[in-house]
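Asks: We have chain A already, so just place chain B on it with the hints.
Letter by letter, the chains look like this.
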Amino acid sequence: MIYDCLIIGGGLAGLTCGIKCASHGLHTAIISGGMNSLHFSSGSIDIAGYNTKGEVIKKPFEYLKTMVKENSGHPYARTGIPGIKGSLNFITEKLSAEGITLSSNNDFNHFHITTLGTLKPTYLSQESVFSARVTDIVNSQQKIAILNFKGFRDYYPEQTAANLKKNTLFKDTEIVLGDISLPYYMNTEKNLHEFRSIDIARIFETERYLPRIAEEIKKASGGASAVSLPAFIGVNNYKAIRKKLEDMTGKFIYEIPSLPPSILGLRLDHALKNSFIKLGGEYIAGERVVSGSIKKDQVEFLTTKNSGNIPVTSKFYVLTTGSFFSGGLSAGFDSISEPLFGLKVKSENKRSKWYSRTFFDKKSHPFLGFGVEIDNKFNPVSESGKTIKNLFCAGSVLSGYNPVSEASGGGVAISTGFKCAERIIKEIKND
Amino acid sequence: MNKLETDVIIIGGGATGAGIARDLSIRGLKCILIEKNDIASGTTGRNHGLLHSGARYAVKDHESARECIRENKILKKIASHCVEETGGLFVTLPEDDPAYHRNLIEGCKYAGIEAKEISIRKALAMEPNLNPNILSALVVPDGTIDPFRLSSANVLDAKERGAVILTHTRVNGIIKSGTVITGVECIDIKGNQTEIHGDLVINASGVWGQELCALAGIEIKMFPSKGSMLIIDYRINNIVVNRCRPPADGDIIVPGDTVSLIGTTSKEISYDKINELTVDDEEISVLLNDGEMLIPNVRHTRALRAYCGVRPLLAVSGETQGRNISRGIALLDHSERDGLDGMITIAGGKLMTYRLMAEKTADLACEKLGIKKECSTHLIPLPGSEKKISKKSRIKDFTGIPDSVVGSTLYRHGQRLHSIMTKDKKNYRVICECEMVTEGEIEYAIKKLEVKDLVDLRRRTRIGMGPCQGELCAYRASGLLQEFGGSAPDESVELLKDFLEERWKGMKPVLWGDGLREAEFTYWIYQGLFGISHMKEPKKIDNTKIDTIKEESPEENIKKEKNNKKIKRKLK
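Line by line, the protein sequences give chains A and B. Sequential numbering from 506 applies to the first sequence in this note's numbering. Sequential numbering from 90 applies to the second sequence in this note's numbering.
Check before you lean on any hint, since a few could be wrong.
[Claimed, not checked] Facing chain B, a subset of chain A residues (Cβ under 7 Å, in silico): (1) Thr620; (2) Gln664; (3) Leu764; (4) Tyr788; (5) Tyr860.
[As the list claims (entries may be wrong)] Quick list of in silico lysine to any residue cross-link-like pairs, SDA-like style, CA-CA up to 25 Å: (6) B:Lys594 / A:Met753; (7) B:Lys625 / A:Asn854; (8) A:Lys778 / A:Ser528; (9) A:Lys849 / B:Asp603; (10) B:Lys356 / A:Arg862; (11) B:Lys515 / A:Thr678; (12) A:Lys670 / B:Arg606; (13) A:Lys810 / B:Arg606; (14) B:Lys515 / A:Tyr714; (15) A:Lys749 / A:Thr640; (16) A:Lys671 / B:Arg606; (17) B:Lys536 / B:Ser130; (18) A:Lys670 / B:His623; (19) A:Lys858 / B:Glu371; (20) A:Lys778 / B:Phe610; (21) A:Lys868 / B:Asp603.
[Unchecked claim] Computed footprint of chain B on chain A; a stretch qualifies when at least three of its residues, placed anywhere within it, have a C-beta under 8 Å from a C-beta of chain B: (22) 535 to 548; (23) 586 to 593; (24) 720 to 731; (25) 754 to 762; (26) 904 to 915.
In case anyone wonders, no lab produced these hints; they're calculated from the structure. The beta carbon of each residue, even a glycine, is placed where N, CA and C say it ideally should be.
Only chain A is shown next, with the shape it has when bound in the complex (with noise of 0.2 Å):
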C-alpha cells in the first residue's frame, strides 16, 4: 500500500500532523508503539513557561518574538509565531469537537497546581484546569479543600498543601485536607500490583457510584466551595461526570495532575485519536518501525516488525519519534544516534557532556536539547549530508529546544507537527 503520508510515532506531533494532513484528504497513517508523553503529561499545552533565566513567562507570544530573533536554531524560529497560533487554534478546534474544551488566559500564561503544590505556567488547559472560576476561587482566597482517594498511593494532599500555603496567592486560603472512599469499592485496596489514576477513572466512569461519591466529597471538604482532586474524573466522558459531581455537591471541582498514567493526558490523546480515524486516518497501534531505507535524497521504505519483509511505502514520510525515552533517539556509550534513518543529529560526543552535575540543576541538561538537525522545511539531513526530501521531523527528536527547563514541549510538538503536515500538503499539490 502506498499512503500520501507515513508518520513514525503517535504523539502529539505526529497526531496533530496526522489530523491535518487527513482533514486535507491525504492517505495517512500512524505507526505507533501505543503510549506517547501524552500519558504522562500535564495535559496542559505549554507554549514557553520559562525563559532561559528560569523565570516565568507572562506573554509567551510577546516572549517568543525576541527569541526566535536570538535562536535561529529553535524549533519556533522555523515555525514562526503565526504558525504556532495556527496550529494551536487548529488543534484546539479539533478537540472541541471532540468534546475537550482547552481555554487560555487571552493571551497571558496561566498557573496549574501540581501534586508537590508548586504553580506551573502553562498556556492552554482544560476547563477543571482553568477557567475563569478558578482564578477567581484563587484571587478571592476562598476556602478550598484537598481531597484525595483513600488507599491511591500516588497522592498526597499534605504535600500539595504545605507548598501551596508557600506562595504567596495560597498564603492566606484556608485549606481542608480528606479522603473520600467508596466501602464496596475498597477490597481494590489491597490490590498489590495497581491501584492507579486509571482504576479510579473507572471508578468514576460507573455512573451508579456517582450519587455515594458525590456524599464522600460533601462529608471530607469541611464547607469549601471549591474541591481538588487529583485527575482521576473519568477518562471518557469527564465533561458530564465532573457536571454531575458539580451539581450533587455544589461545589467547583478542580483536577491536578498526579503519577502517571495522566488522566488529564490520556483524555487528550483519546480525543487526537478519535479525530485522526474519524477523517479516514489509519491509527496502527502496537507496531513499531525496525528501519528505513535511504536511497539518494528520498526515504525507499520502512520495515516494520510487523510486516516482515514486505515494504511499507508512502510519498510522504513524517518522524515524530520523540526523544531517548520513546526511542526517537539513542545514547550510545558515547555517541547520540537517530536509529530509524542515521540522520545527522546535534549534539556533544564527550559523555561527559551530556548531562548537569546536579538532577536539578537551574541549567537543566544539554542531553534535553540533543536532536535530529533540520532546515528551514523541516527536511533532516542524512548521515552522507544529503538533504532528505520525503522526510519530514517534529515533535521532541528535534534538536535545539528544552521542552522541560522552557515548558515548551506541547507547543513545539503541535507547531512543528502542523508545520510538516502543510509542507506536505503543498508538495502533493504541487504534484
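Replies: Okay, now just chain B, sitting in the frame of chain A:
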C-alpha cells in the same frame, strides 16, 4: 543544650560501630552510638557486598584469609538473612598466569578454606554466562552479604538491648578534663546540640577517624584509597565470579539481590577529597572491559549506576605498636599511644571482619572499664536471623499474598517478616514495584529502623534501588514518610528532591542507553510534571562547624568517677 550520660560513646555507624554497640549492649553496657549521616552510609555501604571466603587473600595474606573464613562461617550462622550462600568461582582466563591457580589451591589449603577444582564444563553449567574460554575453575565458599541489612540488624539489636542511636548527628567537640576524655559534643541535622558524657569514647568512624582524633588533639594518619564499582541491571550471575590472578582492578562480579556488581578499582586519593568522590569515565571503561572478560554479556546489559567508597587504611609508619592485632585491623589505645585516657580508635579491617573488630574493641573497652564479660556476638543470631521461616508456615500465614511480595520482605528482614506483614491489608500494597517494597515494610522501617530521610529508607528497604532508580516510588515514599510521621509534609518534598539528587550521583557516570532514557523520564516527571525545582527553598542548617576542645570542671570529673564505680558495681 541537652545532656546525656552513658557508659560508652561510640562514634561511627558503619558495620564496625554498629557491631561494637551490639557487642557492648549484649555485655550489659549502656551505649550511645553517634553517626553523622546514616547507618552504613560510609565505607560500609560502598563495597561489593562480598562474603569473602578468604580465597582472595589466600596467596599473599594468610592471616586475613584465616580471619575471613572464620568470620564467613560465623556470619552464615548469625546473619543468615543478610547472607546469600551463593558460592564462588575463581576462573583463569587465557590472559592470566596459569601458575596462580596452583598457588591459590595451596594457599586455600593452608588457610583452611575449602577450595575444589572443577571441570570447565561444570563451571559453565553452574554459571552459563561465564566466558567459555576459561582455562580452569575453582569453587570456594564465597557468598554475598548485604552491608545495609547487616548494619541495620546490629543497630536494631543494640537498640532493643537499650542502646541509644543518634543518626544524622555530628560530633563537633571533644570534652576533656586534663588528660582524660570525658565526652563529646554533637549537633543534629536540625541544629540541636547535645553534650554526652561517658566513661569511654570509641572512635569507629573509619576514614573520618582522622578528623575525630584531630578534634581530641591526637594525630593519626589515614591513607584513603578509593574503590569504584559498577552495578548492572539484572542478576547475570548467581555465583560470585572471581578472576584467578593476583588482586587487581575489575576482577570480580558479585550477584546481589536483583543486580550484579562489577568490582573494583583502587586508587590512592588525598585525604581532603574523601567527601567528594566521584566515579570517572576511565574507571567505568576499566570495569566494563574487565567485567566483559569474565562474563561477556556484561556489555549488552544495562549499566544501572556506579559508586565508589573509600577504604580506611591506617598509616602505620612512625608507630611503635602499629597494627597490634592483625595486619588488617588497627586498634589504638590512646592512653598508651598518646597519653590521653578515655578514648580508643578502631580502624582498618574490612566489612568481612566487622564482628571481629567489634569484639576486639569491646574486649579492650571492657578491660579499660574493669568489666569481665565475654563476647558472645558469634553465638547470638541477629534480629531476623533467629530461625528460618519454613515454606509451609509462609504459605499458611500469607495465603493470598503473592509470593514475590512475601519473599522480598522475608529476604530483607528475615524473621521480622511477621512484624511487617500484619493482618492490616494496607501492609501489602506495593509501593516500589522494582523491588517489591510494600507500604507495611516502609512503615516498619520508618518507625523501627532509624529512618530520617528517603535515602535512609532506601538503605533499609531497597526502595528505588531497582531498574527505575526510584522513578515513581520515590514520590510515593516521600508521601508515606510524612504520613507515618517521619517528616513534615513540606520537608518530605525537600527530602524527595535530595533523594533524587542522590540517585543522580550514581546514574550520571553510566548515562547512556537505557540509563539515559530512564533519566529523561524521571526528569520529565519531577521537573516537567511536578515542577520540583520551583519550590521555595528552605533555610539549610550548617551543622558542619567544629567546636574547639572543651575543658571540664573538676566537679564534673568527680561525678564521672562516681559513675564509673556505679557501672562496675552494676555489672558485678
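Asks: Please go over all the hints and tell whether each is borne out by the structure.
Replies: Hints, verified against the model:
1. Thr620: holds (5 Å)
2. Gln664: Since the shortest Cβ distance to chain B is 5 Å, the answer is holds.
3. Leu764: With a minimum Cβ separation of about 5 Å from chain B (threshold 7 Å), the hint on leucine 764 of chain A holds.
4. Tyr788: violated (24 Å)
5. Tyr860: holds (5 Å)
6. B:Lys594 / A:Met753: violated (50 Å)
7. B:Lys625 / A:Asn854: Between lysine 625 of chain B and asparagine 854 of chain A the Cα gap is close to 36 Å, so the pair fails against 25 Å, i.e. violated.
8. A:Lys778 / A:Ser528: Answer holds: lysine 778 of chain A to serine 528 of chain A is near 13 Å, not above 25 Å.
9. A:Lys849 / B:Asp603: holds (21 Å)
10. B:Lys356 / A:Arg862: holds (22 Å)
11. B:Lys515 / A:Thr678: violated (33 Å)
12. A:Lys670 / B:Arg606: With Cα atoms ~34 Å apart, lysine 670 of chain A and arginine 606 of chain B exceed 25 Å; violated.
13. A:Lys810 / B:Arg606: holds (22 Å)
14. B:Lys515 / A:Tyr714: Given pair lysine 515 of chain B, tyrosine 714 of chain A holds - Cα atoms ~23 Å apart, limit 25 Å.
15. A:Lys749 / A:Thr640: With a Cα-Cα distance of about 22 Å, the restraint between lysine 749 of chain A and threonine 640 of chain A holds, given a limit of 25 Å.
16. A:Lys671 / B:Arg606: violated (33 Å)
17. B:Lys536 / B:Ser130: holds (19 Å)
18. A:Lys670 / B:His623: holds (14 Å)
19. A:Lys858 / B:Glu371: Holds: lysine 858 of chain A and glutamate 371 of chain B sit about 15 Å apart, inside 25 Å.
20. A:Lys778 / B:Phe610: holds (23 Å)
21. A:Lys868 / B:Asp603: holds (23 Å)
22. 535 to 548: With 4 residues close enough to chain B, the hint holds.
23. 586 to 593: violated (count 0)
24. 720 to 731: violated (count 0)
25. 754 to 762: violated (count 1)
26. 904 to 915: holds (count 5)
This entry does not satisfy hints 4, 6, 7, 11, 12, 16, 23, 24, 25, going by the numbered hints stated previously.
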